[in-house]
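Trainee: Chains as they are written, first to last, in my numbering: chain A, 1 to 122; chain B, 1 to 107.
If a hint is listed, it holds; no wrong ones were tucked in.
Some chain B residues flagged as far from chain A (calculated, every beta-carbon gap over 12 Å):
no., residue
1, Arg-24
2, Thr-69
3, Leu-78
4, Pro-80
5, Val-83
Straight line, CA to CA, 20 Å or less: simulated SDA-like cross-link-like pairs of lysine to any residue:
no., chain 1, residue 1, chain 2, residue 2
6, A, Lys-43, B, Lys-45
7, A, Lys-65, B, Pro-95
8, B, Lys-42, A, Gly-8
Calculated directly from the structure, the hints in this document are not laboratory data. Computed from a prediction, not measured in an experiment: that's the story for all the values here. Here a beta-carbon is modelled for each residue, glycine too, at the ideal position from N, C-alpha and C.
Each chain, written out:
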Amino acid sequence: QGNLVESGGGVVQPGTSLTISCAASGFTFTNHALQWVRQAPGKGLEWVAAVSYDGRDKYYAASVKGRFTVSRDNSKNTVHLQMTSLRNEDTAFYYCARDRSKTSSGSSLDLWGQGTLVTVSS
Amino acid sequence: DIQMTQSPSSLSASVGDRVSITCRTSQSVSIFLNWYQQKPGKAPKLLIHRAVTLQSGVSPRFRGSGSETEFTLTISSLRPEDVAIYYCHHSYSTPFTFGPGTRVDLK
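I would like the entire structure built from these sequences, with the hints used as guidance.
Mentor: The structure is reproduced here in structure tokens:
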């Protein structure tokens, strides 16, 4: 059925950058779009970004557009989220999730990682 | 952007009760509405996709209905393991929004 494992979270200062990654296994990586969803501690789910199966199409939430970049390496079955100009309000668990299809529109997230915590604090 | 609301925000019910959660969207999302269950400390789990389709491996006690702007998740007979927060989510167009969640507890 597959597995997603996020890594790279940690404590960073406001204004700095961090890249988190998600390693996929157990399924055909190029058959699926991938998304990042975050959840501030004790809060609800917030969609962050999506990337199509081939990496050509990328979409971002308004709250991160221009600061975050999603990318994927289909040769290594990994997806990355490069985060710059981090703010206190970016503090959250970041989940990597697999779309049921090659593109995110009209799809749903049928496989999730365990999440990685990013804390932005001075 | 499409706004999502869920009602109620929380509920308490007894084992065996029928439970319904409503999700409304600010504009039509056709059938592109999904439901997720999240238990404490865990990642969300897909229950229902495209409004009415039960995800493989999910208990048939869960049922989705609705279209356009109003959707319902029904648990036919509540069990202790159903204690969780339930989120609706649309994938009609970006930004893909989640509802605020409905907390389900046991009475």
